[in-house]
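*Asks:* Protein sequences appear in the order of chains A and B.
Just so we're aligned: the first sequence equals residues 31 to 259 in the numbering used here.
Just so we're aligned: the second sequence equals residues 90 to 325 in the numbering used here.
I should point out that these hints are in silico values taken from the structure, not numbers from a laboratory.
Every value quoted in this text rests on a predicted model; they were computed, and no experiment measured them.
Please note that the accuracy of each hint is not assured.
[Unchecked claim] Quick list of the computed label-pair ranges, beta carbon to beta carbon:
1. 181/B to 162/A: 30 to 40 Å
2. 118/B to 238/A: 25 to 35 Å
3. 138/B to 226/A: 20 to 30 Å
4. 104/A to 203/B: 45 to 55 Å
5. 226/A to 261/B: 25 to 35 Å
6. 226/A to 283/B: 26 to 36 Å
7. 261/B to 189/A: 38 to 48 Å
8. 181/B to 238/A: 39 to 49 Å
9. 273/B to 226/A: 30 to 40 Å
10. 116/A to 159/B: 47 to 57 Å
For each residue, glycine too, the CB sits at the ideal point set by N, CA and C.
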Amino acid sequence: MSLYFPIKTFYVAVFVLFALNAFSQSSSEKDSVSSNISYENNRQRFGFFSMGYHNPNTTGDNFMGDGLQGKSGFDFKFQMYVYKQFFLGLYTGASYFDVKDVELVGNYKKSTLNESYLYIGYEFLPADRMRLGALASFYGDSRFKNYYSKTSNVYQVDKGNLNTFGVYFNYELSSHFMIYIDYAYRTTKTEINTSTELNQFFEKGKYHSIGIGLIFALGSKDVLSAFID
Amino acid sequence: MAQLKIILRRLILFLLITLLIACETRFEDNTRILVKGSVKDQYDLAIQNAQINVYTSRVTSFLGGEQEFLLGSGFSDSNGEFSVVSLFDKDEDFSVEIDAGPNHSKYVYKTSTINYEPTNLTFDLGNRILLELTAVNYTINRISEEGNNIQYSFRFTSEFCSEVYDEGVLNIEDSQCNTQQLLDGILNDSTPDIEGDFYAPTGTEVVFIYSVNEAPESTETFIVENNSNNEFVFSY
Chain A
31 MSLYFPIKTF
41 YVAVFVLFAL
51 NAFSQSSSEK
61 DSVSSNISYE
71 NNRQRFGFFS
81 MGYHNPNTTG
91 DNFMGDGLQG
101 KSGFDFKFQM
111 YVYKQFFLGL
121 YTGASYFDVK
131 DVELVGNYKK
141 STLNESYLYI
151 GYEFLPADRM
161 RLGALASFYG
171 DSRFKNYYSK
181 TSNVYQVDKG
191 NLNTFGVYFN
201 YELSSHFMIY
211 IDYAYRTTKT
221 EINTSTELNQ
231 FFEKGKYHSI
241 GIGLIFALGS
251 KDVLSAFID
Chain B
90 MAQLKIILRR
100 LILFLLITLL
110 IACETRFEDN
120 TRILVKGSVK
130 DQYDLAIQNA
140 QINVYTSRVT
150 SFLGGEQEFL
160 LGSGFSDSNG
170 EFSVVSLFDK
180 DEDFSVEIDA
190 GPNHSKYVYK
200 TSTINYEPTN
210 LTFDLGNRIL
220 LELTAVNYTI
230 NRISEEGNNI
240 QYSFRFTSEF
250 CSEVYDEGVL
260 NIEDSQCNTQ
270 QLLDGILNDS
280 TPDIEGDFYA
290 PTGTEVVFIY
300 SVNEAPESTE
310 TFIVENNSNN
320 EFVFSY
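Assemble the whole structure, with the sequences as input and the hints as a guide.
*Replies:* Next up, the structure:
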């Protein structure tokens, strides 16, 4: 099943929620003047957009670990805080690989992996300006576009389901602007049909990802509060 | 006039897009095949480092030009065994080639994969024999006076074996495996002498057929010897 429908649904939901949050913004600002809210409440956000660069590193005895070598990647995330620091997010990005052994994977030179997934997680606020988050994906897919040569439009496609576990560290440069560094361990369970002798090798691909990027935070209330207010 | 320009622009854009789409080549999604087997010579000795290549052909240009694509490749090990991972393509000219260099015959497995997918996505070629080849050097000299000519031909076993399979079953009619090959020529006043060479399987017979000045054909035969200089010299 493709991620297109969940992504569309997610975007529509985000739009509606963001509109609600923006609508309730003016009343919350009034409240903040009169009430003595806590330090954590001051740091509550509706969500954020991020964009970043990452470095994929393949690992394990599988077609990615033995056959591909990570080069670079970029990604975009939208994350919204459903209740306090519990969050739900959408990740979409691409990772680029060179083929290091064509005898193991078939004759192609490079691969572009498009990755998308929905994730949930929790964010800690350990110190001033710092945010530490842990997340796990619950629905994701991957699509390898394997290029026959460096320049040609001759290619082949492999698809799969993507699972991710990750952590991130954000540093607030201002109330709504942050930089981040993150780490993720990703496993793609492929749909590749092959000989039983090769099944185990092509069944899963594994890689680590270390990234940096920028974050633009939105709002000052979590999603539920935005609804209730 | 302005409307005509817009129509022309749209037409050119449409043609460009059509051209680009037509040039795209995409092999079978989510598929890897395994090509395995072993390779030995006629003396039952394993051949190491024989190259195994998996090919498909595709029409790649708008004008219909066909191009061959290498989908997978690998080498045989010290036991002559090979196991090659390859991409797959639905094609009527799908082939696997085994090439152990100039000292061995070549083998090609051909099949149509348009409506055929091998069991367990594995092409098991079994044991393939690549005949050991030896170079035969030949020299033909004219020692008689000018005006004499010769028609000659060497008949020897081909170094090439091509087997065609229909859904895994050998099609004998379309296969050609180490058949008899002819190498012929004419020598006369413009070119009275010649030197050359060809490769033939070791231990096989070579027949030299000639006719001097349109006389009835005569023949000489010799065996291609192993590890020796196979020099054939003929004078007329």
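*Asks:* Measuring from beta carbon to beta carbon, are residue 116/A and residue 159/B in 47 to 57 Å?
*Replies:* 52 Å, holds
*Asks:* Mind checking the hinted window 39 to 49 Å against the Cβ distance between residue 181/B and residue 238/A?
*Replies:* 43 Å, holds
*Asks:* Against the range 38 to 48 Å, how does the distance between the Cβ atoms of residue 261/B and residue 189/A compare: consistent or not?
*Replies:* 41 Å, holds
*Asks:* Has the hinted range 30 to 40 Å been met by the Cβ atoms of residue 273/B and residue 226/A?
*Replies:* 51 Å, violated
*Asks:* May I ask you to test the hint 25 to 35 Å on the CB atoms belonging to residue 226/A and residue 261/B?
*Replies:* 31 Å, holds
*Asks:* Does the Cβ-Cβ separation between residue 181/B and residue 162/A fall within 30 to 40 Å?
*Replies:* 59 Å, violated
*Asks:* When you take the CB atoms of residue 226/A and residue 283/B, is the distance between them in 26 to 36 Å?
*Replies:* 56 Å Cβ-Cβ, so the 26 to 36 Å window is violated.
*Asks:* Honestly, do residue 118/B and residue 238/A meet the 25 to 35 Å range at C-beta?
*Replies:* Between residue 118/B and residue 238/A, where Cβ atoms are some 27 Å apart, the hint holds.
*Asks:* Would you say the C-beta atoms of residue 138/B and residue 226/A sit inside 20 to 30 Å of each other?
*Replies:* At 27 Å between Cβs, range holds.
*Asks:* Do residue 104/A and residue 203/B keep their Cβ atoms within the hinted range of 45 to 55 Å?
*Replies:* Violated, at about 40 Å.
Checked against the numbered hints given earlier, the structure breaks hints 1, 4, 6 and 9 and satisfies all the rest.
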